[in-house]
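Visitor: Letter by letter, the chains look like this.
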Amino acid sequence: MIWTSIGTINDIPRRGARCVATPQGKVAVFRTADDKIYAIDDHCPHKGGPLSQGIVHDAAVTCPLHNWVISLETGKALGPDEGSVRTIPVRLDGDNLFIALGRLESQAA
Amino acid sequence: MTKRLVIIGNGMAPGRMLEHLLEAAPDHYQVTIFNAEPRVNYDRIMLSPVLSGQKAFEEIVIHGDGWYIKHGITLYKGHKIVAIDREAKTVTSDHGVTEPYDQLVIATGSVPFIIPVPGKDLPGVLSYRDLDDVNAMLLAAQSRAKAVVIGGGLLGLEAAAGLKERGMDVTVLHVMPTLMERQLDPAAGYLLQKAVEERGIKVMTKANTKAIVGNGKVEGVELADGTVIPATLVVMAVGIRPNMTLAKEAGLEVNRGIVVDDGMLTSDPAIMALGECAEVGGNVYGLVAPLYQMARVAAAHLSGDPALRFTHSETPTKLKVTGIDLYSLGDFADGDDRDEIVLRDASAGVYKRIVLKENRIIGTVLFGETSDGAWFGDLQKKGTDVSQMRDTLIFGQVHQGGTGADPLAAVAALADDAEICGCNGVCKGKITDAITGKGLTTLDGVRAHTKASASCGSCTGLVEKLMTLTLGDSYNPAAVPPMCGCTDLGHDDVRRLIKAKGLKAIPAVMQELNWKTSCGCAKCRPALNYYLVCDWPDEYADDYQSRFINERVHANIQKDGTYSVVPRMWGGMTSSKELRAIADVVDKFNIPAVKVTGGQRIDMLGIRKEDLPAVWGDLGKAGFVSGQAYAKGLRTVKTCVGTDWCRFGTQDSTGLGIRIEKFMWGSWTPAKVKMAVSGCPRNCAEATCKDVGVICVDSGYEIHFAGAAGLDIKGTEVLGLVKSEDEALTHIVALTQMYREQGRYLERIYKWAKRIGLDEIRRQIMDDAERRQGYFDRFVFSQKFAQVDPWEERVSGKDKHEFRPMATVGYAQAAE
Ligand code: SRM
Ligand SMILES: Cc1cc2nc3c(=O)[nH]c(=O)nc-3n(C[C@H](O)[C@H](O)[C@H](O)COP(=O)(O)OP(=O)(O)OC[C@H]3O[C@@H](n4cnc5c(N)ncnc54)[C@H](O)[C@@H]3O)c2cc1C
Ligand code: SF4
Ligand code: FES
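These protein sequence lines map, in sequence, to chains A and B. Using my numbering, the letters of the first sequence correspond one by one to residues 72 to 180. Using my numbering, the letters of the second sequence correspond one by one to residues 1272 to 2087.
Some clues are possibly wrong.
To be verified - Quick list of in silico lysine-lysine cross-link-like pairs, DSS-like style, CA-CA up to 27 Å: (1) B/K1866 with A/K118; (2) B/K1830 with A/K147; (3) B/K2069 with A/K97; (4) B/K1859 with B/K1848; (5) B/K1880 with A/K97; (6) A/K118 with B/K1880; (7) A/K147 with B/K1794; (8) B/K1830 with B/K2069; (9) B/K1701 with A/K97; (10) B/K2069 with A/K107; (11) A/K118 with B/K2069; (12) A/K107 with A/K147; (13) B/K1701 with B/K1736.
Unchecked claim - Which bits of chain A does chain B cover? Going by a derived footprint, with three or more residues having C-beta under 8 Å, they are: (14) 72-79; (15) 82-94; (16) 97-108; (17) 121-135.
Calculated directly from the structure, the hints in this document are not laboratory data. Just so it is clear, CB atoms sit at the ideal spot from N, CA and C, and this is done for glycine as well.
This is chain A alone, in the form it adopts within the complex (with noise of 0.2 Å):
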């Protein structure tokens, strides 16, 4: 796996997210109240959504268009409604934040 430099853990606020452009599109980062941290597409399974904007409550985002809550652990919908959203994984070392965009970095190169 090939870990990418994101910044710091501080650069997100707590129960917040951030964004990371890519060429594949936005990748939206969490930080949760207890500073865990998840990374997921920055588009919901609904109708893409940016869920980078929406309220972090525990390890799950609340979609700000229609209100799909969506795991930050398994990218999955939660409750009655279907679909999922990739996730990516992130390594946090010390503060300093990486995510392992793999599959990304070989396409693109």
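Please build the complex by placing chain B with the ligands on the supplied structure of chain A, with the hints as guidance.
Guide: For chain B with the ligands alone, kept in the frame of chain A given last:
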């Protein structure tokens, strides 16, 4: 001819007396009051919640200035009476005012007892009696230093808990072996000490104060055994003495207090006394319930009904420290002729003890679980023979024959004359009569009409059960739907508890109210954030992560993730300069769509998030601020052209609309608020389907509210007609504030109004000037913090991270 009634002291007893008197005989007397404290009548009992921060002083005022004006009563604030001349029938104040009386009432209350030790006069030594004491304590608490409270009784413990809440390091010194020994037996005293210590307050019993030490100010307290406890604040709460100096100097008969008969007359028939300063039948009192009875008797006599007489009764003691439940009534010394029943549940911290004499209850101590207090108290008061239920007595009322384990059944089983509210002496029958007779459906209604649960509030649960019993399904607080899956509490309960417990942050709410999730959800978090913003405008730090994206970035998210931007156009007015600025912004940022909205202003749609700060920067230079088209807050105030241009216009509707919008912009509300002002009943601004609307007429301004034109369609209701533009503004602001304080999150005004009742809203806003002013003032206060243009803040760099990706990756590697 009306007689002159002069009252010395403006405390809780004479305040209540005047209420009864004004009801029975409004025109009998010309009333003048002298009060040594420089303020109106307030609920002294509630000083502890003010000290701990659960309430503001304004919330505990009983009679505001308006009340005295309305009833034509002259109140001399800060005037201490220094002499009574019984020959001339006059009183004289320390500021030299002399006032003649036909009837005089002395209600000077008590003075705190100060133990005569060296150092008692040092700065930093306080008593606990009035608002000045509380303010002095709050000032001292700012240093977060050490405080010593001398006295482990009711007042001392309330003071200690309050100071601890305010961040001080507190030690309570108590001379006896257990706390509150006059009201509690040693076992309950021990549990109380444990509960107090669990809050981080140190307790030293058998501590005999020898001196207060310090050089020029308090530095510590020295005990008889030589120990010195360092302190910068010392509160003495060791007891009170009836304040009878004045009466004694005037030659009235005094003993422990000012001696009065059971009709409240002193030894001089032209002078009455009541309250803590009075001694009736050899007793003096220090809790409000008997004082309120005195007030009733005194008022009856003043209005010419001598039949009512004061009778002695015992009052239960309760401690007003959140989380410590304690109830005590009567006598519980051991004795050969006495029997007792005890129940302990150590794990739950519960202790109950009933003392019996000849099969009748003479003493009750409950700690940790006090819901049966009223029932035990009733059995005790009536001297009921309990031999039949002895075996199960201690388990409380629900375990008595037949009623089953239903707490409602317990209340149902109470006799009509069982006392529910101890402070105000209100019995069950009076409450149920008021509910049915006056058609009351809300707790506030019952409080207003009967005063039950309106003083210390500890009987609120009982009153609610009575309402459920009387109203059946139409009042069922338990049936209120919970806010969301994270809690069982409904919005109203959450709002009430936020205030009552002084919760000032979302994690505190979740912790104290037992949230079931660790961090809430997208439903409760924005609601809680609003409630906290509304309730603590100066103290709460807005939690942007709990706001919906539109309110977080101050623009409306679109289906493709871009944003729309709507600047304010005050009252729908604009100018060539503004239009030119908009045109320039549209060109510069390639904004794909520009539209005139249904709210009389211009929307620019399809802006990329990254561009938002720059767009706002340019708009700001032209004088625009955010139109808050995204906010649960004030949106638009639509207007018509009014007297400026229209041949039918009766008032300056454009001007008033702009004035309202400029006054109210920036305020957050439970749901969005839209307003309109039309210059005449032709109503071109469509004011009669708005949350709040004004129809101008020749005679003034007709204020409308509770309209709807979105998901539901509903014409407005008339709030009332006012004469001037100023009044229109005040009434609208007050109405909005009332809605801000009571509305449930996402509940539009028309739904809230339906729930509260139109008449209740009209009564509070149109008829009750004092309340209206209170709402108005609170709105103005919160605007100090809310009226900040969010766009300008972000142009200056606030929340920068919101508008930029944290990193851009992958592209460089691709190029390599
Ligand atoms: C722009 C505008 C339509 C237009 O092009 O004219 C508009 C656009 C939206 N309205 Fe509206 N409403 C607009 C005037 C109205 C009006 C008419 C008015 O204000 O006089 C109404 C009926 C009155 C009322 O408020 O009830 C109206 C009733 C609604 C409702 C139904 C509210 C309800 O409780 O019944 C919603 C849905 C909601 O709020 O949950 C809504 C929601 C929306 C949202 C915010 C949908 C959303 O959640 O994203 C739309 C945002 C579009 C955008 O990004 O700008 N809009 N909307 C108008 C903006 C007015 C302004 O200057 O601020
Ligand atoms: C902190 C605290 C908590 C309490 N908690 C409870 C409780 O939970 N339950 C309960 O039942 N009771 C409680 N009490 C007791 C209750 O507040 C009193 O019993 C009640 O206020 C006494 O009413 P009053 O009218 O006799 O006197 P006060 O309310 O004391 O009023 C007397 C007034 O007379 C004024 N005065 C005195 N001398 C003069 C003069 N010469 N000229 C003009 N004015 C004068 C004083 O300034 C004062 O404002 C508490 C008291 C305190 C201080
Ligand atoms: S009516 Fe309002 S909410 Fe519906 S599509 Fe039009 S702008 Fe959007
Ligand atoms: S796009 Fe996310 S819920 Fe519809």
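Visitor: For each hint, tell me whether it holds in the structure or not.
Guide: These are the hints, each one checked on the structure:
1. Pair hint B/K1866 plus A/K118 holds up; C-alpha atoms about 25 Å apart against a cutoff of 27 Å.
2. For the hint pairing B/K1830 with A/K147, the CA-to-CA distance comes to about 21 Å; that is within 27 Å, so the pair holds.
3. Straight-line distance between C-alpha atoms of B/K2069 and A/K97 comes to about 23 Å, which keeps the hinted pair within the 27 Å bound.
4. Restraint check for B/K1859 and B/K1848: satisfied, since their Cα atoms lie roughly 16 Å apart, inside the 27 Å limit.
5. The hinted pair formed by B/K1880 and A/K97 meets the criterion: a straight-line CA distance of about 13 Å does not exceed 27 Å.
6. A hinted pair counts as satisfied when its Cα atoms are at most 27 Å apart, and A/K118 with B/K1880 qualifies at roughly 19 Å.
7. At roughly 20 Å between alpha-carbon atoms, A/K147 and B/K1794 fall within 27 Å of each other, so this suggested pair holds.
8. A hinted pair counts as satisfied when its Cα atoms are at most 27 Å apart, and B/K1830 with B/K2069 qualifies at roughly 26 Å.
9. A C-alpha spacing of about 67 Å is found between B/K1701 and A/K97, which places the hinted pair above 27 Å, so the restraint is violated.
10. Distance hint between B/K2069 and A/K107 is fulfilled; the C-alpha atoms sit about 25 Å from each other, no more than 27 Å.
11. With a C-alpha separation of about 30 Å, the suggested pairing of A/K118 with B/K2069 is violated against the 27 Å cut-off.
12. With a C-alpha separation of about 18 Å, the suggested pair A/K107 and A/K147 falls inside the 27 Å cut-off, and the hint holds.
13. With a CA separation close to 14 Å, the supplied pair B/K1701 and B/K1736 stays within the 27 Å bound.
14. Against chain B, the stretch 72-79 of chain A contributes 4 residues with a C-beta closer than 8 Å to a partner C-beta. That satisfies the three-residue criterion, and the hint holds.
15. Coverage of the stretch 82-94 of chain A by chain B holds [criterion: at least 3 residues with CB-CB distance below 8 Å; count 12].
16. A stretch counts as covered by a chain when three or more of its residues have a beta carbon under 8 Å from one of that chain; for the stretch 97-108 of chain A and chain B the count is 5, and the coverage holds.
17. Judged by the Cβ-Cβ criterion of 8 Å, the stretch 121-135 of chain A is covered by chain B as claimed, because 9 of its residues qualify and three suffice.
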